[in-house]
Amino acid sequence: MPPDFDTNMKFKFSILALFLEVIVIVLYGIFVDYDPDPSSMLYPRNHSSQSLHRCVFPSDFQDVHVMIFVGFGFLMTFLKKYGFSSVGFNMLIAAFGLQWGILVQGFWHMERGKISVNIESMINADFSTATALISFGALLGKTSPIQMLILTLLEITMFACNEHLVTQVFKATDVGASMTIHAFGAYFGLAAAFVLYRPGLTNKHENDESTYHSDMFAMIGNFNSAIADAQVTAIINTYYSLAACTVVTFALSSLVDKRGKFSMVLIQNATLAGGVAVGTCADLEIHPFSAMFIGVIAGMVSVLGFQFLTPVMASKLKIQDTCGVHNLHGLPGILGGIAGIIVTAVKTEMRNGHMLTPALQAAALGSTLGIAIVGGALTGAILKLPFLGQVSDQNCFDDSAYWEVPEEETIPEIYSRHHEEHSRFEAAM
Amino acid sequence: MPPDFDTNMKFKFSILALFLEVIVIVLYGIFVDYDPDPSSMLYPRNHSSQSLHRCVFPSDFQDVHVMIFVGFGFLMTFLKKYGFSSVGFNMLIAAFGLQWGILVQGFWHMERGKISVNIESMINADFSTATALISFGALLGKTSPIQMLILTLLEITMFACNEHLVTQVFKATDVGASMTIHAFGAYFGLAAAFVLYRPGLTNKHENDESTYHSDMFAMIGNFNSAIADAQVTAIINTYYSLAACTVVTFALSSLVDKRGKFSMVLIQNATLAGGVAVGTCADLEIHPFSAMFIGVIAGMVSVLGFQFLTPVMASKLKIQDTCGVHNLHGLPGILGGIAGIIVTAVKTEMRNGHMLTPALQAAALGSTLGIAIVGGALTGAILKLPFLGQVSDQNCFDDSAYWEVPEEETIPEIYSRHHEEHSRFEAAM
Amino acid sequence: MPPDFDTNMKFKFSILALFLEVIVIVLYGIFVDYDPDPSSMLYPRNHSSQSLHRCVFPSDFQDVHVMIFVGFGFLMTFLKKYGFSSVGFNMLIAAFGLQWGILVQGFWHMERGKISVNIESMINADFSTATALISFGALLGKTSPIQMLILTLLEITMFACNEHLVTQVFKATDVGASMTIHAFGAYFGLAAAFVLYRPGLTNKHENDESTYHSDMFAMIGNFNSAIADAQVTAIINTYYSLAACTVVTFALSSLVDKRGKFSMVLIQNATLAGGVAVGTCADLEIHPFSAMFIGVIAGMVSVLGFQFLTPVMASKLKIQDTCGVHNLHGLPGILGGIAGIIVTAVKTEMRNGHMLTPALQAAALGSTLGIAIVGGALTGAILKLPFLGQVSDQNCFDDSAYWEVPEEETIPEIYSRHHEEHSRFEAAM
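Residue numbers (my numbering), protein chains in the order written: chain A, 29 to 457; chain B, 29 to 457; chain C, 29 to 457.
Please keep in mind that the hints were generated in silico from the structure rather than gathered at the bench.
There could be a bad hint or two in this list.
Coverage of chain B stretches by chain C, computed from C-beta distances (three or more under 8 Å per stretch; other residues unrestricted) [as the list claims (entries may be wrong)]:
#, region
1, 124 to 130
2, 426 to 434
From the derived model, a few chain A residues whose C-beta atoms are all more than 10 Å from chain B [claimed, not checked]:
#, residue
3, SER42
4, ASN146
5, ASP285
6, HIS315
7, ILE401
8, LEU406
We put the beta carbon where it would ideally sit given N, CA and C, even for glycine.
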């Protein structure tokens with residue numbers, strides 16, 4: 029067992045969490061109310077281009093919500109000793125983020141000093157939370173819950189500004205949020221990881237490994253994250269992009285391994301890249317085979333990124349990306365943005381009576397990357413403040429720094445000692 | 029491995045289960061038929077106030093159904109050697125309960141000697157089963173499947189009587205079933221646990237512990253149990269209550285631990301308390317910040333209950349509550365009932381043309397607690413009958429009493445013996 | 029650890045997978061387009077009798093899709109060392125199968141040389157994939173991913189022909205696909221298993237065993253596979269058949285065990301048999317108690333099949349059925365077909381203006397079994413071709429033949445060696 033480590037989290041974390049919750053409740057009391065128009069709750073007005081052609085059923089909301097609340101968390105449970113933190117902090121970030129998201133997103137659409145809550149705005153708040161969860165993936169194992177609460181607060185605020193810019197100022201399309209959520213969350217997290225670089229973790233940390241069962245838990249994350257969009261063309265395009273991406277990921281995973289074997293972490297992540305990359309164009313009639321083509325490119329980019337780019341980023345660029353979010357969200361997100369530029373250049377596409385142009389799509393991609401990188405770096409600098417309970421290098425990737433952990437959890441460690449003895453014993457014979 | 033224990037369950041359990049199934053099929057043949065009005069299958073008539081403003085989609089039914097069938101079971105898998113029983117007996121109780129629930133609930137609404145089956149009555153039957161599953165949580169590890177079948181039969185019958193009283197006689201509101209399901213199930217189970225008190229389990233049983241992986245499985249239970257209601261105001265209120273409750277639970281979980289660490293069992297359970305407590309008022313326009321306030325109180329009550337009340341109940345009041353259902357369902361259920369009384373006192377709320385009054389809400393809460401406690405105690409006394417295959421103290425919390433268990437399951441035990449040797453070995457050096 | 033085994037899969041698998049994906053994309057470019065009639069996307073025309081009375085919501089599609097993509101896979105994770113392959117190859121088969129299914133199913137409904145894609149045809153493609161996943165269950169642990177891709181290609185093609193015969197030529201009813209999916213998939217897989225018989229596996233393979241945690245993962249498969257149909261009568265019938273089947277399965281599982289204990293594998297599988305068997309008649313008004321009766325028979329057939337038939341099939345008939353798909357899909361599928369014959373003989377049932385007759389229902393059952401057995405045997409013969417990377421007997425049921433597996437996975441093995449020592453040690457004292 030690691031030496032008993034005191035994060036001094038007891039009062040700091042509790043006070044910060046309670047303080048933020050009180051602030052939020054007061055702001056809700058002043059600014060938030062139910063949507064007065066009941067029909068708009070089920071059939072949303074076109075506040076944002078994000079939900080333009082969508083008829084939202086409550087069950088769609090529940091699918092999205094469950095994905096945010098626990099699905100993302102299970103995708104991160106591959107680390108052998110960090111399952112509690114992956115799932116637990118995911119819940120904490122989601123619970124705070126969705127309350128905060130309504131406020132900062134609603135700020136841009138206030139009517140008579142009030143922010144209306146309906147199914148649509150709740151779905152958008154859930155999605156805003158996804159950016160913080162993606163950034164959490166890059167920082168996984170290296171940040172305290174105090175730091176994650178602050179990151180959530182700052183990132184969702186900046187996300188809401190960028191989203192307003194993209195959808196209201198540039199009037200760009202990004203229905204599946206390749207840019208505004210996936211690329212934004214990834215580059216925000218990577219910029220923060222760069223600032224929070226830990227030279228002590230240059231060598232592979234002993235806890236930065238998966239186990240057979242932790243990998244199986246991580247597959248559960250795949251359950252609800254595959255598809256969460258209700259518009260028919262978007263479903264068709266996402267479905268084919270994901271399917272083609274999955275086949276290509278299997279083929280390349282075998283191809284890049286020296287013995288031709290599959291890698292579970294690659295499969296878990298890269299199979300979802302197709303869904304990310306098709307996002308920007310999801311509701312455009314790009315033809316199913318184009319969606320499949322986007323999925324194929326996304327699978328290739330993602331596999332090659334995991335295999336070759338992530339190690340180089342850690343060693344040369346000082347960016348330690350625990351979950352490889354650059355490969356699942358960053359690169360496929362940019363790919364989605366580029367696909368949007370190409371499609372709007374080739375075809376004439378209308379939205380709310382104005383034409384989509386490649387220039388404005390490119391502006392949307394640029395502003396997203398710029399705000400994410402600058403915002404992430406600033407946030408990383410704030411998180412470096414010494415009183416925020418940063419964990420020591422030695423206790424990274426270890427639940428026991430923050431959780432009461434049952435004793436049996438140490439089997440693998442004991443086992444390996446036993447295993448050594450055993451091997452030495454056999455060697456001696 | 030425990031000494032081979034014969035529960036003599038072979039014929040007793042099989043005969044009882046087959047006998048009950050035959051009875052049920054015969055009663056269905058005589059009394060049950062499809063609802064003759066097809067439209068009512070999707071858009072239910074207002075049989076009970078329970079589903080008043082609800083438009084039920086088949087997919088809602090499936091969400092509820094999956095939650096009942098397996099979600100509850102996974103929430104109880106935290107015990108290290110009782111995962112098969114938690115999930116398996118949950119399925120058994122659900123499968124029998126939902127057949128029985130239609131009969132005893134439908135008994136109060138018969139038309140021309142027939143009980144109609146439609147989506148609404150199936151959802152209500154699923155919910156009735158939840159009471160037995162909550163009571164199962166209090167008794168977890170200490171009862172045989174024979175006893176659980178009998179408890180299911182009796183509890184659902186009494187539940188249907190109390191629900192009739194609450195919704196038809198008192199005409200009280202309880203849309204999210206804080207009182208009729210959560211408080212009823214909890215106090216029924218606690219009363220039974222009191223009668224079935226086992227002095228031999230006063231000291232912590234060696235199997236009454238969680239493991240790292242069993243805790244991870246228990247988080248899966250959270251997947252589908254978060255939200256299962258289709259009406260928009262109810263979704264909004266439940267969503268904010270859950271979110272605020274989660275943040276507060278994290279803060280308090282750290283605060284009550286002497287080293288400031290989180291407890292997984294607390295987080296798993298207490299984060300759901302906000303959903304329970306907001307139930308009674310879920311469809312009232314109480315304003316989102318009131319819902320958040322209810323969630324905050326529920327989180328506080330639940331954490332403090334787990335930390336301080338449950339140990340005292342076991343040692344002083346002779347109530348051994350394995351899963352702590354008192355903290356997740358009992359106290360938050362009462363809290364929900366009280367919130368209903370307060371809201372109806374402060375605001376004028378109408379239901380089906382009559383006014384909701386605090387007096388009738390209080391009567392509903394009182395009748396629920398009274399019937400649950402008396403019914404649970406009576407049921408506990410019946411379950412004490414010697415021929416019902418009660419398990420010995422030694423075999424409590426152990427799947428191998430009822431299940432064929434693969435050998436590897438004993439690793440932790442072997443490991444700990446090995447560990448001791450190892451430690452002694454190290455100590456000797 | 030097993031001797032390092034080279035399946036020579038590196039180039040073979042990757043080339044085949046990429047080749048198939050390119051072919052599929054080219055065929056989509058030529059033949060496939062979005063459905064030009066947008067309303068048909070949500071409210072499908074009556075292309076096939078399969079979806080006759082169904083109003084399809086996008087969320088139904090997502091339920092089905094998730095079930096196919098990962099639910100089936102988790103049901104097969106009971107083997108102690110084959111969890112990665114069970115879930116991973118399930119995804120691979122699903123990803124390729126659903127692309128291929130649209131093409132071969134759409135081939136029978138082309139209009140002006142184009143195959144239309146809408147929600148309905150995507151659900152049907154998902155279902156077509158289920159046949160290959162069921163066959164995968166029979167062959168689990170004994171085939172390479174190269175073989176499974178070829179099997180998927182061939183089986184889905186033959187499935188589409190048989191489905192056309194059943195629904196368009198015989199105009200038989202099979203709404204829940206007892207025959208066309210469950211029986212077809214099972215007997216196709218069993219015929220292939222017969223041809224691929226491995227005499228070396230006659231004795232129980234050391235890896236052909238479950239563990240406590242693998243059994244728990246397998247229960248997750250139950251989550252989404254219980255109910256996936258949107259029509260109300262079908263939901264009611266399936267619900268009661270499943271419930272009655274579950275109770276009977278528990279009773280019989282205890283009855284057939286010499287000490288009266290439950291078997292987790294039996295419960296996992298047999299509880300679903302009721303849903304399979306009621307499929308053919310699911311949308312007929314057969315009365316709830318008939319549905320329960322079908323469930324009871326299905327539970328009995330399934331338990332007795334697992335306990336007595338599967339061992340005999342392996343030893344006498346040379347059919348090695350790893351998951352026991354004969355008991356979950358084969359026998360209950362035939363039972364469903366027979367129930368359809370009986371119901372159409374007893375009651376007058378109309379479909380699209382023509383009457384359902386027992387003779388045509390019987391023809392549908394016969395053609396399904398015939399095509400499945402002949403097609404499966406032919407496919408098995410093709411899979412025997414030596415260059416398809418068949419795994420050696422010794423490496424059957426072992427993820428490490430195809431996957432990079434984390435080290436801790438070998439605990440059970442080490443443990444058992446340790447356990448033996450320990451036991452010998454104790455015996456010596």
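We went through each hint and held it up to the structure:
Against chain C, the region 124 to 130 of chain B contributes 3 residues with a C-beta closer than 8 Å to a partner C-beta. That satisfies the three-residue criterion, and the hint holds. Under the rule that three or more residues need a Cβ within less than 8 Å of chain C, the assignment of the region 426 to 434 of chain B holds, with 5 such residues. Under the 10 Å C-beta cut-off, the non-interface status given to SER42(A) relative to chain B is violated; the minimum distance is some 4 Å. The claim that ASN146(A) is not at the interface with chain B is violated, since a C-beta of that chain comes within 10 Å of its own (minimum 7 Å).
Every CB of chain B lies more than 10 Å from the CB of ASP285(A), the least distance being 28 Å, so the non-interface label holds. Remark: the non-interface label on HIS315(A) is consistent with the geometry, its nearest Cβ contact in chain B lying 30 Å away (cut-off 10 Å). Distance check on ILE401(A): its Cβ is at least 29 Å (rounded) from any Cβ of chain B, clearing the 10 Å threshold; non-interface status holds. With a closest Cβ-Cβ approach of about 24 Å to chain B, LEU406(A) is found to remain outside the 10 Å limit, as its non-interface label requires.
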